[in-house]
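If you want the building blocks of each chain, they are given just below.
Number of protein chains: 2
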Amino acid sequence: MNYPNGRRSSSRHAAPQGKTKPEFSNRGMTLEEDINLTNEYYLQAGMAVIHKKPTPVQIVQVDYPKRSAAVIKEAYFKQASTTDYNGVYRGRYIDFEAKETKNKTSFPLSNVHQHQVDHMKAVEKHGGISFFIIKFTPRDEVYLLPSSTLFAFWDDQQNGGRKSIPYHSIDKEGFRIPFRYQARIDYAGVLDKLYF
Amino acid sequence: MNYPNGRRSSSRHAAPQGKTKPEFSNRGMTLEEDINLTNEYYLQAGMAVIHKKPTPVQIVQVDYPKRSAAVIKEAYFKQASTTDYNGVYRGRYIDFEAKETKNKTSFPLSNVHQHQVDHMKAVEKHGGISFFIIKFTPRDEVYLLPSSTLFAFWDDQQNGGRKSIPYHSIDKEGFRIPFRYQARIDYAGVLDKLYF
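As they're listed, the protein sequences go chains A and B. Per full-length UniProt numbering, the very first residue in the first sequence carries number 1; after that it's consecutive. Per full-length UniProt numbering, the very first residue in the second sequence carries number 1; after that it's consecutive.
No lab work stands behind these hints, which were simulated from the structure alone. Given the structure is predicted, the values throughout are model-derived calculations rather than measurements. Keep in mind that a hint or two might mislead.
Pairs involving identical chains hold if they fit within one copy or between any two copies, as the list cannot separate such chains.
Stated by the list, open to error - With a cut-off of at most 20 Å between alpha-carbon atoms, the simulated DMTMM-like pairs for lysine to aspartate or glutamate come out as follows: (1) 125 x 40; (2) 172 x 186; (3) 78 x 40; (4) 53 x 118; (5) 102 x 32; (6) 53 x 32; (7) 121 x 40; (8) 193 x 173; (9) 53 x 84; (10) 104 x 141; (11) 73 x 63; (12) 102 x 155.
Build out the structure end to end from the sequences listed, making use of the hints.
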């Protein structure tokens with residue numbers, strides 16, 4: 001396993017029954033909530049400007065009642081054409097997608113879409129940094145996986161390869177993201193070691 | 001001439017009278033449509049990856065009819081916390097807001113919101129490039145205004161200064177964006193001169 005910050009993964013898992021310990025305090029929150037809180041912390045601390053993009057919606061009908069706000073009465077969810085998060089960190093363009101899986105032994109590639117891969121390949125081509133944040137919920141473990149690693153599995157799948165990335169590959173080629181009080185999914189620390 | 005999306009620019013424009021001139025052919029299209037087409041061109045041509053963020057919507061009620069897509073039955077427009085467009089160009093983080101005004105002699109600062117200014121100041125602090133694209137509709141003229149120029153007027157307004165930026169200041173301190181067939185609002189060319 002790679003530890004860009006030199007920390008042992010065991011620090012998060014010292015005590016199975018110890019829910020008073022900070023390393024367990026993120027249970028019950030979704031990965032998205034944790035990342036949003038992290039981004040808010042980064043913003044407040046003047047570390048980075050990274051936001052989640054709004055959910056794309058196709059608006060069909062809007063009512064404009066007198067003296068009150070416009071009400072959308074009919075709309076549909078659209079598929080996003082890019083990724084969930086982007087922004088700027090230490091002068092670099094950052095772009096990532098966050099995915100949770102209930103699977104314990106592998107990350108199913110069905111969680112990823114072709115247009116996201118295309119988008120991330122374009123981002124990398126233009127000098128941006130793109131990656132996945134993958135949470136194995138049953139393990140309560142979060143990894144940063146550089147998009148290039150995922151591309152290899154993706155392209156392999158297109159050629160008849162396996163439809164998922166084994167946990168051990170993510171553990172080996174990805175970077176475990178530590179849980180912290182303020183930066184709950186502290187991916188910036190991993191980026192520091194990897195790209196700066 | 002090659003059109004990366006295979007589309008002839010003339011196909012969009014019947015061009016009745018005088019509209020055969022390229023500098024007039026964008027009449028009738030909104031600034032947003034023109035910028036979206038420009039970004040699409042940049043993407044297809046492998047020049048940049050810049051997207052408009054979806055309109056943020058607060059979803060209140062969703063129906064899930066059997067055998068068909070989820071329908072949003074009640075939702076409200078939310079104020080965006082950032083700017084309209086961002087992405088990566090030549091390795092740099094790009095962030096901008098596009099505004100049209102029907103005013104001929106000045107750009108009213110009421111078009112801009114404090115949170116956008118705060119966001120852009122943070123972007124600049126982290127090494128990103130932020131700017132406004134301002135269209136004077138009656139003049140059919142489009143300018144790139146570096147956000148630092150707008151900040152000066154913004155901060156001045158806060159201290160009792162004027163509530164708009166005079167056209168002549170934008171003409172002097174901003175950069176006219178030429179209209180082109182393919183890149184209809186070709187701001188990348190201006191960025192090349194300014195930042196690279």
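Hint-by-hint comparison with the structure:
1. 125 x 40: So residue 125 and residue 40 pass the 20 Å test across copies only (16 Å; inside, 28 Å).
2. 172 x 186: Within. Shortest intra-copy distance 19 Å satisfies the 20 Å Cα cut-off; inter-copy 44 Å does not.
3. 78 x 40: between (26 Å within a copy, 18 Å between copies)
4. 53 x 118: Answer is both; intra-copy 18 Å and inter-copy 18 Å each pass.
5. 102 x 32: So residue 102 and residue 32 pass the 20 Å test inside one copy only (15 Å; across, 41 Å).
6. 53 x 32: both (12 Å within a copy, 18 Å between copies)
7. 121 x 40: between (27 Å within a copy, 16 Å between copies)
8. 193 x 173: within (14 Å within a copy, 40 Å between copies)
9. 53 x 84: both (6 Å within a copy, 10 Å between copies)
10. 104 x 141: within (10 Å within a copy, 57 Å between copies)
11. 73 x 63: both (7 Å within a copy, 11 Å between copies)
12. 102 x 155: neither (24 Å within a copy, 50 Å between copies)
In terms of the numbered hints stated before, the structure departs from hint 12 and from no other.
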